[in-house]
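Q: These are the residues of each chain, in order.
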Amino acid sequence: MKETTKKRELLGRLYIVMVFVVLTALMLFGKAVKISVIEGDRWRAKGDSLYLKFMPVVADRGDVLAADGALLATSLPFFEIRMDLKADGLTDQLFAEHVDSLAWYLSKYVNPNFSPQYFRNHLIKRRAKGDRYLLLAKDVNYEMLGKVKQFPLLRHGPYKGGLIVERQSRRAKPYQMLANRTIGYVREDVQPVGLEGSFDQYLQGEAGKRLMQRVSGGTWIPVQDLSELEPLRGDDIRTTIDIELQDVVHESLMQGLLRHNALYGTAILMDVKTGAIRAISNIGATENGWAEDYNYAIGAANEPGSTFKVASMMAMLEDGLATPDTRVDLEKGKTRFYRSDMYDSRMHGVEDTTLRYAFETSSNVGIAKTVNELYGKTKNADRFIERLKSFHVHEKTGIEITGEGTPVIKEAYSQKDHWSGTTLPWMSTGYEVKLTPLQTLRLFNAIANDGKMMKPYLVSEVIRDGKPVRQFGPTIVDGRIASAQTIRTMQDLLLGAVERGTGQYQKTDQYKFAGKTGTARVDYYMKDAPRKMYQASFAGYFPAEDPVYSCIVLIYDPKQNGYYGSAVALPVFREIADKCFALKPEYTPPVNETDEARPDGELVFADVREGYRTDIEDVLEYIGVGFSTTRDGEWAESGQEGELMLQKKEFSGGEMPDVRGMHLRDAVFLLENQGVTVHCEGYGKVVTQSIRPGTPIREGVRIDLKLR
Amino acid sequence: MNAISIYRNLKGDKAIWIVVALLAVLSVLAVYSSTGTMAFQYRGGHTEIYLIKHGLIVALGLFLTYISYMLHYMQYSRLAPLLMIVSIVLLVYTLFFGTELNDARRWIEIPGLQLSFQTSDFAKMALIIFVARSISTKQEVIKDFNSAFLPIIAPVLITCLLIAPADLSTAALLFVTCVLMMFIGRVSLKYIGVLAGFGIMGIAFLIVIGTLFPEMVRLETWISRLNEFFVNSDGGYQIQQAKIAIADGGWFGVGPGNSIQRNYLPYPYADFIYAIICEEYGLVGGFTIIFLYLLLFLKCVRIVTRSPKTFGAILAMGLCLNLVIQAFANIAVSLHLVPVTGLTLPLVSKGGTSMLFTCISLGIILSVSRYIEQASKDVGKVEIKDLNADHH
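If you read the sequences in order, they're chains A and B.
Taking the working numbering, the leading residue of the first sequence gets 1, the next gets one more, and so forth.
Taking the working numbering, the leading residue of the second sequence gets 1, the next gets one more, and so forth.
I should point out that these hints are in silico values taken from the structure, not numbers from a laboratory.
This one's a predicted model, so the numbers in the text were calculated from it and none came from an experiment.
Backbone N, C-alpha and C define an ideal beta-carbon position, used for all residues, glycine too.
Check the hints yourself; a few may be wrong.
Pair by pair, the computed Cβ-Cβ distance ranges are [said to hold, decoys possible]:
(1) Pro468/A to Gly255/B: 41 to 47 Å
(2) Leu26/A to Val89/B: 37 to 43 Å
(3) Val25/B to Glu9/A: 35 to 41 Å
(4) Lys125/A to Val208/B: 36 to 42 Å
Some residues of chain A that are not near chain B, with every Cβ distance over 12 Å (derived) [claimed, not checked]:
(5) Arg13
(6) Ser36
(7) Tyr118
(8) Gln168
(9) Glu395
(10) Gly479
(11) Ala544
(12) Arg665
Can you make the complete structure from the sequences, with help from the hints?
A: See the structure below:
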């Protein structure tokens, strides 16, 4: 073959290939034009957003935590399981092979009401109809989901097995009613409530996106293997709520409401130094029993009554117009301003006395007359109002929860505010003004905190993936709302109100607390009300010497067993305070604290004497006293041989035991087990017993114990 | 200024250089658009990372183009046997020990570096160089079975069979490329016909293997793709989305970065990048792409006509055919002319090794054009003995 022929052959073949390539290119051109121009409208219509769209995937909501991390509100996941019977990878062969066993599993584990035969027919029928979204199970929990994912067919996943898992979640509050309203909720089409509402932007997280395709029947199914945006779980918020204290406050308030068959009540426990709210309870009587139906503590601005005398008193002191020793005539309990009478809570017969006495016994006449004398008669009511405002009583606290009640403090001589000749004296006793319980508490807390007013707050931090991303600390509203002198006097007066005044029947030797009762007639404008309605309250703080907590208790419309703040609200306050001390021993001042070291360096052993062995051991370990024990027997007594030693103590049945040196609980346990009826007086340990130890016991005999 | 002086100093076919440059620019634009899916925008946008990464790869690729262009193409002929052996070893290794990604073993990890390497990209080039060398050296006996056909076809079959289990499309493309090279290189039509039979037999063989060892061959994927193509006249979900993209683009497109369909198309930056280009730049953009590849091909045809039978001409044509067929196959997928193949658009799609080897291929083509250009200019001045051993 010649070179030229070879060359021609080669080039000839090259041109054949070239023609093919060029034709292919032209075909590509043509097809592109066909799709874009000729079929263009059809494809564009198909690309309509109705056909495919991104749908939000709701993120898991963050948790609301108590101060110690306990879950106050959390989201429990559950799942809906569906099946795409026309999934791309679900071939006829695969389906036919496994439909029987899938039906069997569905009948056994998902819904035993239907037979495997039923499920089998159902699956086959729906597949024939092209169902791409067949519901298999609802409300499936995590554990069950794991099982379902192992079912025949479904175990092949979304593409081959047609498995569609839709995650949903339900909000749960493990502590149920505790602080329920304050934790709140977010629901569709309803005004959000509580912390869930105000921290929604943190809690809700970021919704993800998933591409969904509309299939026959108008349902949307997720499109597989495309960029799917995972939702971001919401942040957690840590509240200042102490779940133990919350329980105490709730329980105490509940008892109070039951005792007095009241309409509603609220109680707040606040950390004096920081303004952190440790517990907040709102309980109302509803058709379905007691419930946290409204945030009375934060939302309800009412006439506070006598607790407001604190503001009046402090104004007079701060303005230098009066001292606790200023004289005032109580006119035996009734006076008259213009055409209306003002009464004290009862006719007491007291006339000339001090302002201190008037405050501590909560005399309306005494406070109103003095305020009227000092500001009203001199037409200086505006000065009084200005002074009150310097205590921030006209401001909202700015608590994180929306819907805080607006305080009402009338402007002096303002027509608009319906200022009248009787406004000033009534105002000084807590009428014609409105405050929410939280706003009142903030004022008391400032007094407890030596004049430094703290902003109440409920949320201490926002947590993402276990790490705090935002922190909220204590906020000072006003470093000093009044002079140190005034604050000291107020503290003294509030202590006096408990020690000598309206609170005296609830005072205790265990610790000192200070506060002010409030009894407000709610329906005083109804002259002929068949039954007078009251609001009983008590606001105060404890321990009085170095306050740790401030607390307000308010009970609205008590219908039985009294209505005074001292009789209705104060016992609840006492119970809360008692339990706080019991729960938090670190707040109890040591009883035997002494600054002096013993000169001889001798050890003083705790005076344990005898008792239930394991209890003694627990207590000694807790307070860190070294001791040795035989760890033997139910009862033990102490001996001292260089160190504290517990020995086994035995009581022989039928003989009167020696309970001297025991605590009451142990003594009662021991004696009543022997059929002895116990009567006792005093507190502390048993010092005398009326029947000599060793005496044979007769059934039903009575013993008197003296404790000290 | 600088660019112009570089351009002036570049030898080789200027049109090919322009094709390379334009495709590289388009690649950066299209990849930027198609990776900027809603998901990324929504999360504060990390598209820049893809842009930078892709930009760096393109830059590295162009650098490699330049390097391989600077090298005299006869060097590749010398290296061919070695490359061929290395390629087969690597392919065997990949088939058994490669990294599995999306159900297919196509990658090997480069120890030390955290890079993966698609062996078939390397094998493709090695084989084409080797076949070009065989065809050109055996021109005298090219019609013979034992001394020409068999030595040429054996490595082709071995390589393609090793690539096929994990990547049938690439294997088929490579096979077709080699057959076309042999066709142009004057191998007897009789044997070419037999080869077509071989191709069919090869596929049949793979189906048998796939049934016996389902783990090794992605039979299911092929079947579902073929099924989709032949059963559904509108195409499957992906194809429909691609068509919507093309239709949305109209003549002039919706503009760079405005693609909507990129959110609905799987691998919009690879398999379906042509649809995205059509959506954003319209049919005009789509035609430009096809035209650029066609231009590349025609320029290579010109190289062959100038210097037929030489190693350089066959090599350039082989590399070019591989690129252009792959490009057209990719485009044909988006246009619903062939079933989904998984082939990328050379030099445009996002990708690491494939982009780099495409660039090297183009560099080799340019090297060939450069020396052939020079040789034709030198005609009549000095008799230059072609480095190739064959006789005119």
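Q: Hints first: check each against the structure and report whether it holds.
A: Okay, the hints, checked on the actual structure:
no.: 1; hint: Pro468/A to Gly255/B: 41 to 47 Å; verdict: 45 Å, holds
no.: 2; hint: Leu26/A to Val89/B: 37 to 43 Å; verdict: 42 Å, holds
no.: 3; hint: Val25/B to Glu9/A: 35 to 41 Å; verdict: 40 Å, holds
no.: 4; hint: Lys125/A to Val208/B: 36 to 42 Å; verdict: 38 Å, holds
no.: 5; hint: Arg13; verdict: 5 Å, violated
no.: 6; hint: Ser36; verdict: 5 Å, violated
no.: 7; hint: Tyr118; verdict: 32 Å, holds
no.: 8; hint: Gln168; verdict: 23 Å, holds
no.: 9; hint: Glu395; verdict: 40 Å, holds
no.: 10; hint: Gly479; verdict: 42 Å, holds
no.: 11; hint: Ala544; verdict: 55 Å, holds
no.: 12; hint: Arg665; verdict: 62 Å, holds
This entry does not satisfy hints 5 and 6, going by the numbered hints stated previously.
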